[in-house]
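Asks: Below, each chain spelled out in residue letters.
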Amino acid sequence: MKPTRRDVLALGGGAVASVFFTPIPWKLLDDASIWTQNWSWIPQPVKGPVEWKESACALCPASCGLRVKMAGGYAVGLSGKDGALCALGYGAHQMNWHPQRLTVVRHNGQPSTWAAAEAAFQKACAEGPVAIVDGRPGRGASQVYRQFAEKTPGALYAVIRTPEEEALRPVAAIAGVPVERLGYDLENTKLVLSLSAPLLEGWGGPQRVQRLWPAMQIIQAEAELSRTGTCAARRVQIKPGSEAMLAMALAHALLDEKLATGPRPAMSLAEAAALAGVELDEVKGLARTLAAQRPSVVISARPEPAVAALNVLLGAVGAEGGIVARNGAPAPAKSMDELPGTLRAALLDSTVPWDRRPAGAQEVFRFAAWRGGDEQGWMLPAPGFLEEATDNPATGARAEALLKPPAGVKTTVAFLGGELPAAQPVESAIVPLTCKLAAWPSAAPNGQDGRTAAWTAAWTPAVLAPLATKLHQESKLMPAGGGRRQA
Amino acid sequence: MKTQKPRRYGMVIDLDRCTGCGACMTACAAENNVAPGHAKATPRTGLTPMLVQRVSNGGAGADRREVFIPVTCMHCEHETPCVTVCPQQAVELDKATGIVNQMPQRCLGCRYCMTACAYHARYFNWWDPEWPVGMERTLNPGVAVRMRGVVEKCNFCHGRLHEAEDKAAAAGKAEIDPADYRPACVEACATQAIVFGDLNDPASDVRKASRHEDSFRLLARLGTEPKVYYRSKQEWVRGLAERGQQEVRRG
Amino acid sequence: MASSTLIDRRFIARGVERTGTARFAMWLAPWVLLLGVGLYAAYLCLYYGLNQTNMDNRFAFGLWIFLDLSIIALGAGAFFTGFLVYLIKMKELKAVLNSAVVLGFICYSGAMLVLAIDVGQPARAWFTFWHPNTHSMLTEVTFCISCYLVVLSLEYIPMLLKNRKLRQAPSFLAFEHQLHMLVPVLAAVGTLLSFFHQGSLGGLYGVLRGRPFAFREGFSIWPSTFFLFILSAIAVGPSFLALTTRLVEKVTGKALIPDSVYQRLGLISGLLLAFYVAAKSIDTLVWLNVTSPAVGFAPWEHYSYGQFGIWLMAAEIGLFGLVPAGLLLWPKTRASRGWLMTAAALACCGVLLNRFILTVQTLALPTLAFDEFMTYTPNWQEVATFGLVVAYGVILYSLSYRYLPLFPQEKELAGEVIEEGTHVSGR
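Protein chains in written order, with this note's numbering: chain A, 1 to 487; chain B, 1 to 251; chain C, 1 to 427.
The hints are simulated quantities; they were obtained by calculation from the structure and are not laboratory data.
These figures come from a predicted structure and were not determined experimentally.
Please note that a few of the clues may not be correct.
Claimed, not checked - With a cut-off of at most 20 Å between alpha-carbon atoms, the simulated DMTMM-like pairs for lysine to aspartate or glutamate come out as follows:
id	chain 1	residue 1	chain 2	residue 2
1	A	K53	B	E163
2	B	K167	A	E51
3	A	K410	A	E400
4	A	K47	B	D166
5	A	K81	B	D180
6	A	K53	B	D180
7	C	K94	C	E249
8	A	K47	B	E163
9	A	K190	B	D16
10	B	K233	B	D16
With the hints as constraints, model all of the structure from the sequences given.
Replies: Structure follows, in C-alpha cells:
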C-alpha cells in the first residue's frame, strides 16, 4: 500500500506531539537552562581548602599586619590584623597579576636579560661612583645595601625620606638630633592642628591617623577643602601657601596670652594673621585651644621652620603625644637628594617611589614589580606582593613569603650577591628629648601651597591594581594612601 | 540543625566618621569577585555595590562643607521595590535575615529592578567579567562570579553569613556569633564608621545606633523601610535624607 | 501598468491592481537595507552583550523600552477594532479589521523581537513562565503579550490562507474556514489579554515607589497609569489605523476604505481621547498635589531639570491631547480629510510623548538629594535596532497588502481615484 499524503502528515503530526511525552525536550530544556547559567569562559574561583595565614603588607612603610585567606596556594582575600587596611591594601593580592607586572629585565624600554644587567652593573661599579638607594631603611635588606656600599669602592648608600620625615627636618635642626630618630607620638595626642597636612588621606601610612581618629581631635587649617578638612572637628580657612604665617601668628598669640615663653617671630601678629587671612580673634582662640588641649601638636605637610618653632613653644617637642625621639631607629643616612651631582649609576630598590631617581645618575638600575613611570635605564623585575619575605623595621617582625614569585624575578639582595640577615627585634622606645628655642628661625617661609603636589597626583594608575583604579575612577574619590607611590 | 529566630540585618553608617578613603569599596569588590572595570566602562556602567559619594553643600571657601556618603543596597523591608517588580523571582527578601538577595542565575537581565530602585544601588553586568591573565586565581572561593547580562547588588556579603552559619552548625549552636558575621565593608572601615548587626536584637549596637536622635534614613518617606541608617551631627547632612529644596552637588 | 511585469501575478488576488514586480522590489530595497543594518546591530548586541548600547546603570531602560511601549500602544487598534466589530457589532469597521490585525501583529512581534534583544540573558527569558512572580507587572505583561501574539498569529493565519495561491490547497482552505469561525472568540480573548497588558505596561511605571515621578496611587493593586494606558492605547489605536490606511492610500494612489469608516474611526478616537485627557488631567492633579508631596517630592521639582520643563506636560495634555480630541469631535474638522489626519497624527504623537516621558524622564530625574540629573542618547546600535523593527513592519505590511486581502472594499472602491492626476507610485 502506497502511503498517502495524509499518512505522512499524520505520522509527522503524531511524532511531533509524542515527542513531548519523551524526556527529550525536557532534558534539552534543562540542559539549555543550565548552560545559560554556566558559561565555560566565565572564570570561577580556585577550589581548595581555605586557610588563614598571617603576614605583613610591604606596599608602604606602614607595614600593616595582614591576615591572608589562602586557597589552592593563592591569596584569595585580605584582612587587617591590627585594624583595617587601606583601599589599595584590600586589592593588593590581585596586583601580582596586574597587566603591568614586570617579569623580564628591560633596558631602555626593550626586553633584556639578567646577565646583561649584571654585567652593566659590574661595569658601572668598576667605573664608580655608584649609589644604592633604599626606599625603606632599617630592614634586613638595608643592612645588605649598607654592607655592599661599604665594601665597594666609591659606592654610596642613600635613603628616601618620606614627606613626613622631611617635614620633621626643621625640628631635627632645632633639637639637634638626626631626623631618622624623630616621630610623632600621635597615639597619645589629644589635638592636632594640621596646617594643610593630609592627615586622613594617607599621611604617615594610609590608615594610621584613620585608626586614631576621631578619638584624636583634628583642626584643619587649609586653603582648599580637603578630605581631612571635611572630617576635621574644626576647619580654619587660610590663604594659599600661608601655613608659616599662621604658625607665626599662633606663636605671637601663645606668648601674648602667657601660654608659652620664648622668642618671638620678627613679623608682627597683625601682619602674620592678615597674610594668613585669619581674624585675630580666631588666631587667639586657636592658640588657647592648642594650649588647653595638651598634648597637642602642630603638623605641616612641608618642612616649615616656623611650624617647628611653634611646636617647641607649645612644648610639643619631646613631650608625650608630641614629637618624640626613639632609639632603635635606623642609623643616619644620606638622603637621595643629598647625593653628589654626578653619579656613574644608581641602583634603586623596589621600595623607591616611581617618580624618584637621583638627578645626577648616568645609568639607573631600578628594581620594580610593576612597570610604570619612565622606562629609562634598567628595569629589573622584583618580587611582588607577598612574594618576598618582609620585615617591619618598627617591630622587627619578619613575615615569610606566602606566594611563589613568577620566573625571572630576583630580589635586590640576591642581585647584590648578599643574603638576608636573620630578623632581629629592634628595641624601639621613646627616649627623653629636651629642646629649647633660642631664637625664632630666620629661614624664609616656604611660601608654597602647603598641600604638596605629591599628595594629589601621586598614584599613577599603572601601579595600582586595576580593580582599585577602576573603583576610584568610578567613585571620583582620591585614593587613600596619599603621596605613597609604591613599586 | 536548630533554626535561628528571624533576624533583621541592618547597618548604621556614621557619616561624620567617613573619611572617603574608599577601602570599603575595594574590600567589597575583592570579597564579591567584582571584575576590574572594562576598558570602555564609565562611572555609569561600572559595578560598585558599595559606592562612596562625595557630596557638598555647594558653598565656596570657608562656607564649603562636604560629606562622604557610602551608598549601598538599603535592603528595604516594606514592599521592597526590586522584589515586587522582578518578573521571575530572581530577587527575594529573606524573611529569616531581612537581606534582599539577588539570584544571578535566575535573572534574565530585564533591568526592571534597576528602574525600581530609588537608591541606584543595583548594577548591571554590561560586560563579561574579565580578569588579567592569572588574576582569576585571586577570586574569593566563597562567592560565585556573575556572568554578563545579569543584575547584581549588595547582599550584605551573603557568603560570609553562610560561613558563619556553617561554623555555628559545626559547633552545634543555633545562633551564629555576631562577631563571625561582618560584611567586608564593615570590616574594612578604619574609622569604624559602619555598625552592622541584627536590628531585632535589643542589645545590639546597630539597634541602639539606629534609634539615636542623629540617625536618619535616605528617602524614608517613600515608605520602603530601608534597613541602612545614617548618622550625622551636622544638620545639613541630615537634610540630605529627603529631596528638599537645598542646593547640593556631587563633588 | 503592463501586466508583463507582474511576475508574481498568480499570488495576487483577482480583481485588484498591483504595481509591477520590479517597482515593488525597488520600494522594498531600502527597507531591506535598513533591515540588514538592524539585524547586524541586533547581532552585535546579542553576541557582545548590551555594552553595545548607550544604556547604563541609571538608564537601565532606554530607547527600546520606549519603542516597545509605543508600538504596543499604537498596535492597540488591532484588539480594539476586533472588539468593536465582533463584540459591539460595529460591522462598518470590518473594512479596516484585516489591516488592523496585520498592524497589531507587526507591532507585537516587533516588540517581542526588541525585548529579546533588550534583556541581558535572552536564553533565560522563558524563566518567567517557570518561576513567575505574580506581583510583578512585568510578569503580567510577558504572559499577556506572549498569549496575545499567539492570538494575533491565529488571526493572521486565516488571512494568509486567503492568498490566491495558497487557497488552491484544499486542506488550507478547510483550515482557514475553521480558524475563521474562531475569530470572534479570538477577538474576545484578545480584548481581555490586551486590556490587561496595556494596563500592566502602564502599571509597570505606576508601581515604581522608588520613582516619585512615575509612582501613582490607584484602585486596588492597579496604579492609575494602568487605566490611563488602556485608555490612551484604545484612544490612539483607531487614529493610528486611520493614519496608516491613509498613508497606504497615498502611496498606492487607491481608495481602500469608504470615507464613512474614516469618520467613524475619527469619532471613536476623539471621544476616547477626550475621556483620556480628562482622566489624565485629574490624575496629574492628584499626583502633583497628593501623591508626590506625600513622599517628599515638591510637585514642580520634577519639571525643573534641563529640557524636561513644564512645557512637556502642557504639550502632552494640551497640544497632543486636548487639541486632537477637539479636532476629532468637532464635525466640521472631522469631515475634512486634512484636519482628520492632522488630529490623528497629533494623537499618535501624544501617546509617543507620554511613553517617552514615562520611560526617559522617570529615569533622568534624580531621586536622592545628592543625585544628579542625567540624560542619555541612544547610540547607532540602538537606533539601528529601532530601524530594524520599522523596516520589518514596512516590509511585512507591504507584502501583506500586495498578496493578501487587507481591504475587502478595495475592489468596490477601485473606480475612485483619490488624488487627481495619475496613480502615484502604486505598489
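Asks: Next step is simple, just say for each hint if it's right about the structure.
Replies: Right, here's what the structure says about each hint:
1. A:K53 / B:E163: OK: K53 of chain A and E163 of chain B at ~18 Å, within 20 Å.
2. B:K167 / A:E51: Since the Cα atoms of K167 of chain B and E51 of chain A sit roughly 14 Å apart, the hinted pair holds (cutoff 20 Å).
3. A:K410 / A:E400: holds (16 Å)
4. A:K47 / B:D166: Status holds; Cα separation ~18 Å.
5. A:K81 / B:D180: holds (15 Å)
6. A:K53 / B:D180: holds (17 Å)
7. C:K94 / C:E249: holds (17 Å)
8. A:K47 / B:E163: This hinted pair holds, its Cα atoms lying about 16 Å apart.
9. A:K190 / B:D16: Distance ~18 Å between K190 of chain A and D16 of chain B Cα, so the pair holds.
10. B:K233 / B:D16: holds (7 Å)
Going through the hint list in order, the structure satisfies each hint without exception.
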